[in-house]
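**Student:** Each chain is listed here by its residues.
2 protein chains.
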Amino acid sequence: MAKKWVYLFNEVEQAEAYAGDWESVRALLGGKGANLADMTRIGVPVPPGFTVSTEACNAYLAAGETFPEGVWEQELEALSSIEQMTGKKLGDAGNPLLVSCRSGAKFSMPGMMDTILNIGLNDEVAKGLIKQTGDARFVYDSYRRLVQMFGSVVLGVPDEVFEAVITARRKRANVNSDSELSAEDWQGVTQKFKELVRTYTGNDFPEDPFDQLKLATEAVFKSWNGKRAFDYRNAAGIRHDLGTAVNIVTMVFGNMGDDSATGVAMSRNASTGEIELEGDFLINAQGEDVVAGIRQTEPISHLKTTMPELYKEFEDIAKRLEKHYRNMQDMEFTIEHGKLWLLQTRDGKRTAQAEVRIAADMVEEGLISKEEAVKRVQPEQVDFFLHPQLDARARKEAQLVATGLNVSPGAAVGVVAFDADTAERWAKEEGRAVIMVRPETKPDDVHGMLAAKGILTSRGGRTSHAALVARQFGTPAVVGVSELDIDLDTREMTVGELVIKEGDYISLDGNTGEVFLGKLPTFIPDMNNPYLLKVLSWADEVRTLDVWANADYPSDAKRAREYGAQGLGLVRTEHMFFETERLPIVQRMIMAKNSTERNEAIEHLLPMQRGDFEGLFRAMDNLPVIIRLIDPPLHEFLPAYEELVQDLADLKVRLQHYHTMSEIDGALADIRTKQHYLEGVESLREANPMLGTRGVRLGILIPELTKMQVRAIFEAACTCAKEGITVHPEVMIPLTSHVNELKVQQNALEAVAKEVMEEQGITISYKFGTMIEIPRAALTADEIADVAQFFSFGTNDLTQTTFGISRDDAEAGFLVEYLNRGILPDNPFATIDENGVGKLMDLGVKLGRETRPDLEVGICGEHGGDPKTVDFCHRLGLNYVSCSPFRVPIARLAAAHAALRDKQNNAVEDKEVIATA
Amino acid sequence: MAKKWVYLFNEVEQAEAYAGDWESVRALLGGKGANLADMTRIGVPVPPGFTVSTEACNAYLAAGETFPEGVWEQELEALSSIEQMTGKKLGDAGNPLLVSCRSGAKFSMPGMMDTILNIGLNDEVAKGLIKQTGDARFVYDSYRRLVQMFGSVVLGVPDEVFEAVITARRKRANVNSDSELSAEDWQGVTQKFKELVRTYTGNDFPEDPFDQLKLATEAVFKSWNGKRAFDYRNAAGIRHDLGTAVNIVTMVFGNMGDDSATGVAMSRNASTGEIELEGDFLINAQGEDVVAGIRQTEPISHLKTTMPELYKEFEDIAKRLEKHYRNMQDMEFTIEHGKLWLLQTRDGKRTAQAEVRIAADMVEEGLISKEEAVKRVQPEQVDFFLHPQLDARARKEAQLVATGLNVSPGAAVGVVAFDADTAERWAKEEGRAVIMVRPETKPDDVHGMLAAKGILTSRGGRTSHAALVARQFGTPAVVGVSELDIDLDTREMTVGELVIKEGDYISLDGNTGEVFLGKLPTFIPDMNNPYLLKVLSWADEVRTLDVWANADYPSDAKRAREYGAQGLGLVRTEHMFFETERLPIVQRMIMAKNSTERNEAIEHLLPMQRGDFEGLFRAMDNLPVIIRLIDPPLHEFLPAYEELVQDLADLKVRLQHYHTMSEIDGALADIRTKQHYLEGVESLREANPMLGTRGVRLGILIPELTKMQVRAIFEAACTCAKEGITVHPEVMIPLTSHVNELKVQQNALEAVAKEVMEEQGITISYKFGTMIEIPRAALTADEIADVAQFFSFGTNDLTQTTFGISRDDAEAGFLVEYLNRGILPDNPFATIDENGVGKLMDLGVKLGRETRPDLEVGICGEHGGDPKTVDFCHRLGLNYVSCSPFRVPIARLAAAHAALRDKQNNAVEDKEVIATA
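Residue numbers (the working numbering), protein chains in the order written: chain A, 1 to 917; chain B, 1 to 917.
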């Protein structure tokens, strides 16, 4: 018996029997096909149809684009089943069956695959159908759609040619919209289309409905390997060997008069997550009219008044589907002569904001567990709540250009680019922030949309291509700004009198749909969203990895704590040195001619540093605070060498032009000062400062400096402790590469700590530890843990040295090329390179804990807020990740995901154990 | 029964029974004591005596400087044994026994420990001894020596005070030398000495011989912890817990008239290794007179004429000792009234030249095996043969200052420093080459001698302190330049009319003993020493590690091959780019405005590179040649940024002073050129070039460049192959950190290689591989070995990144401080840091060979010529080390040592296996 390639929608049990779990059924039938079958099973009204499996597609492609044995035969069998169910027959002019042919891969890839409607029409059938329906306009509109879609998708005729015919017809008929065109117009258009097909391909349009079906099926199969689909899969990380299924569905028509309609709707609001149907529909139209955004749609709520009973039925179905799928649904529907049909359902795409609210609500509704809610919200989605938003005051004063649909939240500011290529080029090559502006977007535009900061279209609705893609990729977008007149030839757009040229700045508000002129300032919003707080609190219940924050100032520390930080993993003391009133003292210290001068300057810094630390301890009452001693090379506190050389050269040139002695005296004083600095900078200059005199090396060369810092830390800690604040200072020594460095510094510094506590007559608990940011430190972590009481991975530096890549140079240089060419899979400065840097970290943790089993180990590099890295740190068994305050909520969620993944893996292992037991 | 602390010289069997092997006997009795006992056993005439063990010393020191139970009692018992043997009695005025008390640790530490002679003398005994010998002058001379040594060593009276008394006495007696002083003079001196002791210490000189003995024993014990001894042990790497033994020996006197003498001699020439007694002696003197270098000694050959029978006896004993110890001996002897006594023997210190010849000769004489000979010559000693020597032509024209004894070979050029502190300060802090000049040297001077490039003294002989230390540490030295008048107050030295001030340059020839004025040029000698060639050929027989060389030019390659290199491990192609006629083309390539210009310049370089490679292949016929593709960042080929900024500024200033238009035009053209370069340099500048766009990264960004190099390599290889030369090119890609980099480059380059071979119609064997010089490469060596056919550890870069230390900056900066303070045990750029960098190498080798078991792995960093590193590479199982041609012989020997050490360890393991079986 031949393999079963084709499944009727009511054969879902057979598919399950063959494939196994539902995931495999989805892989076999594609997401759309599986759902149509599933809907059929639970009694949702779905037009009869069948699915040609993804296996058939793969077999077809593997066989060099020829049908494997049985596929076509089974398709014909299934067709005759549908004919029985509907009582209609394909190609039977008396009672013709029309079908659609749609692709449907395992993962939803909107607009990427090709669809053909109205298969079964030809001149003869059209005549019969007119006889049957009495609606010639409908029939010829349907017929021309078949020829148009078949022509462009299957036969490769450029779609613009067809559109031009329609536009010309509109002009001739002197009407503005397609709906005003008459039956004769469409008949003429259809005729013209068929001529175009013949001219372009050299062959007639296939009149045989079975040829149409076969060719359409093949077109879907082939489109799997089309460039657009391929690029999309690459961008979205979908495997290329999945294949697509083909769904053949009985046509139902939303364009059969005013008791017919078609639309798409989400079971909840896809932007906000509110519990309400959200979507658009058109009376007397076919589905593609809605998605393409060509006609202005009506909101789904209008259906309530227009067809109240149908609205109620649709609402019930939506609830039933939500309950069945335990998720928000994105549904396509058609009403044919007052009968509701569901054509598709799938988990709806939504904004981060909606994702969070829906997850929280569904827990309350008993649909999903807390863990499921946590799992559904991706850590990156929390980023939305930290997205830039337009500054409120600036927006008041800004010039409003127009308002459109707020389809993807967040603010975007950038220069206008009128096509995808320009947008991509400006963004990637010139590093400009770009807003991509189009009348409407198409799959071809995705590369530009991905590169843009924001998207603006003059047409389309909430479910238009532009809206879907923008939401999926988290790009702020405003669509359907109908006042906007975009002229792609002159490269400008106008709203009334206002002309905006390509390259001009505009600002979008994806939350309100407003578009402003110019470059508005933005801010990061507060994130006290109650749904988010719920999800995060559930995340905290499951995660085992602590989340700390990197903060240099008390205000940052406070915010970090509000965001849930459980400690400070990195206080960079040198940031304090750069403050206006301090820098001159720091420079005096560096330029000191002798140790007396140097110590005098250091003394001056002591009370300032002490003040800094007091503020931090107060903000972090009862939580650990890791303070890193001075790290950067000293020349960073002095003017740049090149600048000084240039200034001196300029001063000398200028000297030639002075006339009075006092001018010359003044210049000379300047020259002397600059010269002095130049000498200082010269003596400190290094060929490779990143590998130079910094970190612990500084502390060893100028122990007075780090001793002052430790004194300031402990004086501050003692003062706070006396006030009743619980302090946990941890002193972190940076850039250790050899345990002896740590011994020398730590001994000297711990003596200071003890001295201060004795002076103050109070004992506080503290730790001394080190950054692990040099490969050698990780390699000899067993020796280092003998001295250090804690480790903190400084993954920025560790990545630089492990890769031998200077971040500053490379991220503006060859690293860009490496990432573009895929030589490196990820930017190692954003996501930990597990194979290399990660191996060192693993070694560092293991060796360190061999020596000191209770060793506290964390990470404080910028990677600490990257979800993939958080997952890795969880697997390594770190105690905490530390990241910027704004990344703390993201890390909390990422840590929960990591813990849940662990739990799931353990469960799988348990199962396996049981199975083999 | 109390522990046995004291061993008579004839109790060597007991010592062996207690301690075990001879090594342990030496640890127990010290080197000197063990040898005295051993000599006693084999019948060499040694005065009766005994040794207080090192265990007694350690117990004494541990007990807070008090005698442990039994020590003193056993000393008294041993003393009475000696009294029986000699028939004399300590303190018996009628027939007094006199003894010496000398230190003797396990390892010879010449001059570091303290010696006291003539113990047993007091006023009464002196009178009795005069009666017995009838020689009052001898007795009082001996007596004053006891008081002087005891006073300075045990009681801490400054020795200068005693010397001043003698000088005054000489003046009063109006004589020039001590030997002209009379019995009365010495009696008076003795009296005065005793007064000085009383004045200085507040106590009388101890008249009781037993008190003398006890206090002397304690003084030796205590001297183990003296600063001089401590510093010496630190410098020589000797453990501090060994302790010293005390040897009490019956006094024999070389100063009992003209039938008495004393001297020291080596059984072979310590400078050249020639087979002849070499040493000095003095008639009618005590041993210290010889060593101190105060009196001008006679060469040992004179003894042949003076006392022919005794010379013969001494020669026989020397041969017997050599045969017994299978090594050249350094002996102290005394002739008392025509009777020869050996007071000490030990393995003689010798120059590298002598070491090599003696090892080779002793194999011929059947005394030692070839392996033993190889083991005896330290790899560092081969360095002597590569030591700088004075340029022959320059020396002919140079001004000869004086000639002294050539006690330690090699040339030294530097500024004169008249004391150890100055020498050390100038050398360490100011980095100056220093020649330390002293009338004679003392143990206090060692730190200055270690810091100096050369040593020059006006007094002393071949076995003087200066000569011994210089030879031990391989420092060129000339001693005993009696014409030299050194004035430590005016800080100058004069020879006749010539005045040389402190800080002036002089040049020494340690081979000839000549001293020249000024800074003479030096050269490295040819090393075709026949003894060395023998030893090296034996080394080659045992070693398993290959030795290759780093060479960039055919001339270097030829030399490397002569020195025994078995391949070229590193040809740095970019060195060729710096040649005068090429640099402008390279700069044109870098500054090219477009790819046409760039490729045109690259085309120009092709024939030049091809020529380079042909020369190398010819020189290395039949041996592998690893050619590294371009490595350094491109800005290295352009003028320095700072220089350009400065030049431009200068040009602009100068512009103000021009008058004619043509001057201004000329300046403008200059400015334009410089400005052009400045822009180029600016676009290439990097914050950390060491971690920047270099190595494989360059090849990926400008593939035309590396493709040209590969084309040149293969065109050259094909040409040579057609001439009948066997070529083994290996193309090495530098700075790989990710396997993908290697894939991209290697694929592109191997295509070029194949293309060339096809063009040339000839196939040659070749390899493509990579440097492992980035931690990530070592960590992912399994992945990299999937592509690379060979690895070569670039340990310079690997050390930089593993430690996070920029070599250029650190070796002039904090690394100096780290080494001075012992924070790092070795300079990691000289000797591989086994714990850190070594761990990565180990990982790299293991992972690489997991993927590719036959992976060829070597090292081409500068460490490749460092013996410790060679040993490590042997243990890692590398195929070869590659080093500079001049280090090749050193590495050959080091590799042999590593193999022998392995063999020995395996033998030990085998023994253990047998023992436990």
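Misleading hints may appear alongside valid ones.
Said to hold, decoys possible - Per the computed footprint, the stretches of chain A lying under chain B, defined by three or more beta-carbons under 8 Å from a beta-carbon of chain B, are:
(1) 508 to 520
(2) 696 to 709
(3) 832 to 840
Honestly, the hints are just simulated from the structure, not real lab data. Backbone N, C-alpha and C fix where the C-beta goes; we use that ideal spot for every residue, glycine too.
**Student:** Take the hints in turn and mark each one as holding or not.
**Tutor:** Structure-based check of all given hints:
no.: 1; hint: 508 to 520; result: violated (count 0)
no.: 2; hint: 696 to 709; result: holds (count 3)
no.: 3; hint: 832 to 840; result: holds (count 6)
When each numbered hint is compared with the structure, a violation occurs for hint 1 only.
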